[in-house]
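Student: For the record, the sequence lines run as chains A and B.
According to this note's numbering, the first sequence is numbered sequentially starting from 1.
According to this note's numbering, the second sequence is numbered sequentially starting from 393.
Simulated from the structure, these hints should not be mistaken for lab results.
What you were told as hints is all true, and nothing was included just to trick you.
Here chain A is said to cover these stretches of chain B; the calculated rule only asks that three of the stretch's residues, wherever they fall, bring their Cβ under 8 Å from a Cβ of chain A:
1. 616–623
2. 635–649
3. 747–756
From the three backbone atoms N, C-alpha and C, an ideal C-beta is built for every residue, glycine too.
Number of protein chains: 2
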Amino acid sequence: MRAGPSQEEVRRHNLGTLLRYVHVHGATSRAELTSRLGLNRSTIGALTTELSGAGLVSEETPRETGRAGRPSLVVRPQSARVYAYAISIEVDRLRAARVGLGGRILDRRETERPRGMPFEDAIRPLAGFVREMRKAVPDDARYVGSGLAVAGMVRRADGMVRLAPTIGWVEEPVGEVLGAELGDIGMLTVGNHADVSALVEHSRGAAVGLDNVIYLYGDVGVGSGIIAGGRRVTGHGGYGGEVGHMVVNPQGRPCSCGSRGCWETEIGEYALLKHAGREADSGREAVLNVVEAAMRGDSQAQRAVRHVGDWLGFGVGNLANIFNPEAVIFGGTLRDIYLVAAAQIRSRLNAIALPVCREHIRLRTPELGNDAALIGAAELAFEHLLADPLLS
Amino acid sequence: MRAGPSQEEVRRHNLGTLLRYVHVHGATSRAELTSRLGLNRSTIGALTTELSGAGLVSEETPRETGRAGRPSLVVRPQSARVYAYAISIEVDRLRAARVGLGGRILDRRETERPRGMPFEDAIRPLAGFVREMRKAVPDDARYVGSGLAVAGMVRRADGMVRLAPTIGWVEEPVGEVLGAELGDIGMLTVGNHADVSALVEHSRGAAVGLDNVIYLYGDVGVGSGIIAGGRRVTGHGGYGGEVGHMVVNPQGRPCSCGSRGCWETEIGEYALLKHAGREADSGREAVLNVVEAAMRGDSQAQRAVRHVGDWLGFGVGNLANIFNPEAVIFGGTLRDIYLVAAAQIRSRLNAIALPVCREHIRLRTPELGNDAALIGAAELAFEHLLADPLLS
Chain A
1 MRAGPSQEEV RRHNLGTLLR YVHVHGATSR AELTSRLGLN RSTIGALTTE
51 LSGAGLVSEE TPRETGRAGR PSLVVRPQSA RVYAYAISIE VDRLRAARVG
101 LGGRILDRRE TERPRGMPFE DAIRPLAGFV REMRKAVPDD ARYVGSGLAV
151 AGMVRRADGM VRLAPTIGWV EEPVGEVLGA ELGDIGMLTV GNHADVSALV
201 EHSRGAAVGL DNVIYLYGDV GVGSGIIAGG RRVTGHGGYG GEVGHMVVNP
251 QGRPCSCGSR GCWETEIGEY ALLKHAGREA DSGREAVLNV VEAAMRGDSQ
301 AQRAVRHVGD WLGFGVGNLA NIFNPEAVIF GGTLRDIYLV AAAQIRSRLN
351 AIALPVCREH IRLRTPELGN DAALIGAAEL AFEHLLADPL LS
Chain B
393 MRAGPSQEEV RRHNLGTLLR YVHVHGATSR AELTSRLGLN RSTIGALTTE
443 LSGAGLVSEE TPRETGRAGR PSLVVRPQSA RVYAYAISIE VDRLRAARVG
493 LGGRILDRRE TERPRGMPFE DAIRPLAGFV REMRKAVPDD ARYVGSGLAV
543 AGMVRRADGM VRLAPTIGWV EEPVGEVLGA ELGDIGMLTV GNHADVSALV
593 EHSRGAAVGL DNVIYLYGDV GVGSGIIAGG RRVTGHGGYG GEVGHMVVNP
643 QGRPCSCGSR GCWETEIGEY ALLKHAGREA DSGREAVLNV VEAAMRGDSQ
693 AQRAVRHVGD WLGFGVGNLA NIFNPEAVIF GGTLRDIYLV AAAQIRSRLN
743 AIALPVCREH IRLRTPELGN DAALIGAAEL AFEHLLADPL LS
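Throw the hints in and build the complete structure from the sequences for me.
Tutor: Next up, the structure:
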């Protein structure tokens, strides 16, 4: 229980609220900010002047509006001048980007990650990407921090990768080593890949305005980011959302986590490729090949897609009973499966979920695609700035 | 996104915060309130004077403290003068209570509910209980509202019981009819039985100070109240937390919801009694008989308890992967099962849940027992008062 804030706290809160608004919504007129934030014109004027002085937003006169009277100034985030580095460690690739305030990707690099690559070998190319991108940064630009997203369970405090079964890492000090490698720009905030992707789909993508959302991301494994009551469900240590390890089939196959019949053993990449008779293949491309074969009428590929679609709907039904969500978003390979197996998924979902828990569910694909993880990693870094824009 | 509050909003917020503090923690000295709420002494003084003037708290000089100096006044919620009615509709009984501010049960009534009782027949005794209790209310006492908890999925807006499979009601206008029957005191706020119980265990019971908690309640069915990041997970329509209908055994038995292999078909009352060879029995008493027989060494009862304990640990493992909770609380018949099958539950939980998701889980029994549902129903009514103590 906390008492109400002081006047100074209110002012700083308002600065953060205004900056967050233009960070998420882009250029916005002072008039619109006045109505959206419920503050009066002079307060909005004072806040934007302060943010502008700090180099966080710019203000400009809009082009001819056709209306009479003095047009309202437009407030814009300084995307080219205020930036974060975003780093994403995924099953099949390593990515880095420079992301401007407002969520604009200004520069990016990526390379493949061979399966089985140890963590030490992943650090060098990622740090190299950041150093390369750094050369092109304008002198007057302001660095606010770096964010790291990992496809695994990662400790918030220090970026220790506790367990990443699909990547094959256990208790690896990724955050510490990467931070040291980055040197003076090693201010790292870490998060889970699916979790930060969900964050971005919620603020800027397919789930804008929805308070109860399940974002699923599939590759070899299945992760999720869950929004309940407008807030992320992260759990005590930040390890929540591991829906891929919800056991759905007690008689099922062994899982990389050591358990058996986890959801990802039925809907992950291996399950699809195995049912399609393509066990020798792997990766996103191989999954897409099966989906395309199914669309062309290949009956074994169709059976594989139906199998995965059926179990996908099953697990979504379970989650619907638990979360009563408004939307479920299918990302990664689950997006491709969803696009060809939507009817199957919906049918099984309807059989498993209670009518009241599923009655308002919309099934959707992501709007930001693979950029969500990079923008989401950057959001981890921007969060410090948005919480208190004048602190640093 | 909301801008910061005005001075007046801050004051009202602080009044609510102070009242909520003594409502939850009981009598508290002004000195302690000053440090707990982070407000200065004069602000605390002004707030308590205002709440005292509204008849919501009393202030008194404490008994000899043994310390030098003027002792700090003690602020106490006016439990005897400010009250709500709490009504609870459960599988086997109907209960009502008058609950004072501070969560004190001042009066209570209950009767059995025969299984299969239609909703119309449940309204009359409940309304009668309230009318009876009303006769003993002091003239100067203040009624703040009534709360109704139902063991089923209930619509917040109007108390329509959408689906209560264990009670056997579907789309019954319980809130409306009960509200009409109560007449001038029919200000009803409604909630789910397990959900309001969780709320109370979180604020006053076994989960105080924990931000990520799963409260499970078992009888014929299994419900839950889930706290994530310190807030209840209720879902879009308020129907979330239906963990009893998470399918855990696709090859399992048909469930009252129309699906198959739901968690409650493996850990609910019927499953236990069936495995114990006592299918003709029913109710809490029958469950306790099996548990006691298992403790005495009855091998069939032991097998039944093991079966249920195993599946209980299984489902808790799934929920641990999703929520990474700090505590799981076993209520209702699950409490009895937990007390004799803790090792079994923990062992299966450990096999299903990822180490990082379960490493800080404490397994607990409720502290408020069956009173939680009554106090929780009253909390629904008190919530309006606490949100803005001087509004009405």
